[in-house]
Amino acid sequence: MYKKYIYFLFLLLLAFLILANENAKEIIAGITIFLIGMVFMEDGFKLFSGGILERVLKKTTSSLPKAIFSGFLATSVVQSSSLLTIIIISFLSAELISLSGAIGVIFGSNIGTTTTAWIVSSFGVKIDIAKYALPMIIFGVVLSFKDEKSYKGFGNILLGLGFVFLGIAYMKSGFESLKDAIDLASLAVEGYLGVLIYVGVGAIATVVIQSSSATMALIITALAVGQIEYYNALSLAVGANIGTTVTAIIGSFKSNNNAKRLAVAHLIFNLVTAVVAIVFLYELADLVQFLSSKLGIASDDYILQLALFHTIFNVLGVLFVAPFTNIMVKYLLSIFKTKSVHVTAKYLDKAVINSPEAALSAVQKEVEHLYDNSVEVISHALSLHRHKYIGSDDISCVIEESLTKIETDIDLYYEQNIKDLYSEILYFCTLAQEEMDSQQQDNIYRLKIACRNIVEAIKYVKELQRNIDKFLYGKNDYIRSEYNNLRKNIAKTIDTIYTIRSLEDDLDIISKIKVLKDEIEQLDYIQNGKIDRLIRENKIDSKGATSLINDNVFTHNIAINLIESSITLWVKDKDIRTLGRGQ
Amino acid sequence: MGIEKLFKKVENFFELDKDEQEKKQKKKEKLKQALQDKILSLKDKIQESDSKAKKKEHKKQIELMKDFLQELN
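Protein chains in written order, with the working numbering: chain Y, 1 to 583; chain A, 1001 to 1073.
Please keep in mind that the hints were generated in silico from the structure rather than gathered at the bench. For each residue, glycine too, the CB sits at the ideal point set by N, CA and C. Heads up, some of the hints might be wrong.
BS3-like, lysine-lysine: derived pairs with alpha carbons at most 30 Å apart [said to hold, decoys possible]:
(1) Lys388(Y) to Lys462(Y)
(2) Lys574(Y) to Lys1066(A)
(3) Lys512(Y) to Lys1032(A)
(4) Lys488(Y) to Lys448(Y)
(5) Lys1030(A) to Lys572(Y)
(6) Lys149(Y) to Lys1027(A)
(7) Lys517(Y) to Lys1024(A)
(8) Lys1026(A) to Lys1059(A)
(9) Lys448(Y) to Lys1023(A)
(10) Lys1066(A) to Lys492(Y)
(11) Lys1023(A) to Lys149(Y)
(12) Lys462(Y) to Lys405(Y)
(13) Lys1030(A) to Lys59(Y)
(14) Lys1032(A) to Lys572(Y)
(15) Lys572(Y) to Lys152(Y)
(16) Lys1024(A) to Lys149(Y)
(17) Lys330(Y) to Lys66(Y)
(18) Lys530(Y) to Lys488(Y)
(19) Lys149(Y) to Lys572(Y)
(20) Lys58(Y) to Lys1023(A)
(21) Lys1026(A) to Lys152(Y)
(22) Lys388(Y) to Lys1045(A)
(23) Lys459(Y) to Lys512(Y)
What the simulated footprint calls covered on chain A by chain Y, stretch by stretch (three residues with Cβ under 8 Å from a Cβ of chain Y suffice, anywhere in the stretch; the number is not a length) [claimed, not checked]:
(24) 1026-1036
(25) 1058-1072
Model the full structure from these sequences, guided by the hints.
See below:
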């Protein structure tokens, strides 16, 4: 309720500023153009990289120093910490990286964002970048009309960069004109009171603008034209770091626990860094001056010194907080725990819907989760415990000895552990597909088919369970032996699939699956022959024979559905998958 | 759209399509080579293995690899 009024008041204030003051209009226009540029750059990089960023991050976050370096490098290149955060949340959700690795990337990303200040300080305010902005926008638009992702992506990057430059030019021009009317520098407050006031202003500005990069551009341009004092600019930069955390915290409210953990880690990091920077602001400023003289930055070049300060206090923050990462991980895992009767998606997060490669990884992991749940219910329905038969040297023996009935209500299990998960996967796929190219859409389609295979296997096991309960504990030894064979066939299928999951080579996987599939087909044939013989020899009655014939079909269908889903899930190469299915 | 045609012409001029076909052909050759290597390694495994069941499984795998090769040819 209040939110609506606050937003309305914000719009009124904006309208007043735009109408009342020509310079304010120019500065605000500069900020909005800068933000549009950031959005285009982010979209462009997503299209242009074609998943390279995701692939690199997956492999370079095994240790904390590596993760910090990867986060720094990736953010410096992409110039968007929010894009990186989204990818990291998806990887964390998909368990592709550890929480400490993800926190490391976020630390590195904080240092990486400081490169924006260097770019704006070095090029933005020192040369007339507006004249480069327009050609960039023109070529960017032309290229973005292309269908190919690389052209389109490069076009969007150019377009974004053009808008960022144009935005800076507008901000600079707005502040220059404003200086003739009001001298904001005369409002500068000395001492720690000034520091705290300006930290607050920087934080509020970032919460309102929703981008610390835009706030930094604003601070640098204001400093460049002398509208603010150097020390006040330093405080504003510290405030911008705090403000960006508030944005991340608000964004994580509707996300899953992983996003919340990362947002809190980010908050802890930024608050600690800010406290250190505020307490030692003057000492840090001295350090900046000392390093500037060593780096060849002029003593009166406050713009580059601000960029250096921004980098130094973030690096110091990392050095200060990184040793406590493990403690932070423990704390974060303890404050966000998952409690639910219904099994819901572990890996799907709406934050990654617009990042195709990350969304695809999340769906893959979630379908694997669905497969694992289905294996649990199938095993229990057959009165089998997975840990007893999977990896066993003698599955037949385990099956024959596993005669204690496991009470399993498949309908209830389906409702609690499968149905919601299946629906969530389908819903997520529908939304994620909008941003995907045809190849990625094909992958989503095959994953949806794998889900269907898994769910079908569960439906068949429901049919099978009734007779397992009836005949496995009945008096007829022949029919009991046949039902044990059916259990053995399914257990062997699950066991083989479990083995192939750890294999790296697609050819090994597909050949083992194909051998298994051929065996299942052969067993179906043999089983039918055996049933015929039992009927002829009057060893089973007609009712038992009918049940056995039907259940033989159900067993075959369960195994085939599991095999089909495993080909989709674990054979990575499309050509090898096609070869495997073509036989 | 005119610009699309212009890009197509540029692509044809630089034979970018050809690159795509060459890539596919190269991938196919790589897969054939991998299949042949796999057959050899399975043959080695048969000789090294003491288990009859394992030998039988490897033989089946070899047959499959040969079928895949035939399909690729």
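Hint by hint, here is what the structure shows:
1. Lys388(Y) to Lys462(Y): holds (22 Å)
2. Lys574(Y) to Lys1066(A): Between Lys574(Y) and Lys1066(A) the Cα gap is close to 19 Å, so the pair holds against 30 Å.
3. Lys512(Y) to Lys1032(A): Measuring from Cα to Cα gives roughly 18 Å; hence the hint holds.
4. Lys488(Y) to Lys448(Y): The given pair, whose Cα atoms are some 28 Å apart, holds under the 30 Å limit.
5. Lys1030(A) to Lys572(Y): Holds. Lys1030(A) to Lys572(Y) sits at ~16 Å (cutoff 30 Å).
6. Lys149(Y) to Lys1027(A): holds (22 Å)
7. Lys517(Y) to Lys1024(A): holds (29 Å)
8. Lys1026(A) to Lys1059(A): Distance of about 28 Å is within 30 Å: holds.
9. Lys448(Y) to Lys1023(A): This hinted pair holds, its Cα atoms lying about 29 Å apart.
10. Lys1066(A) to Lys492(Y): holds (26 Å)
11. Lys1023(A) to Lys149(Y): holds (18 Å)
12. Lys462(Y) to Lys405(Y): Within the cut-off at roughly 15 Å; holds.
13. Lys1030(A) to Lys59(Y): Holds. Lys1030(A) to Lys59(Y) sits at ~24 Å (cutoff 30 Å).
14. Lys1032(A) to Lys572(Y): holds (17 Å)
15. Lys572(Y) to Lys152(Y): Holds: Lys572(Y) and Lys152(Y) sit about 28 Å apart, inside 30 Å.
16. Lys1024(A) to Lys149(Y): holds (19 Å)
17. Lys330(Y) to Lys66(Y): At roughly 20 Å apart (the allowed maximum being 30 Å), Lys66(Y) and Lys330(Y) satisfy the hint.
18. Lys530(Y) to Lys488(Y): holds (16 Å)
19. Lys149(Y) to Lys572(Y): Holds, at roughly 23 Å.
20. Lys58(Y) to Lys1023(A): holds (25 Å)
21. Lys1026(A) to Lys152(Y): Holds, at roughly 27 Å.
22. Lys388(Y) to Lys1045(A): With a Cα-Cα distance of about 29 Å, the restraint between Lys388(Y) and Lys1045(A) holds, given a limit of 30 Å.
23. Lys459(Y) to Lys512(Y): Holds: Lys459(Y) and Lys512(Y) sit about 26 Å apart, inside 30 Å.
24. 1026-1036: Held - the segment 1026-1036 of chain A has 5 residues with a Cβ nearer than 8 Å to chain Y, which meets the minimum of three.
25. 1058-1072: holds (count 8)
Hint violations for this structure: none, all hints satisfied.
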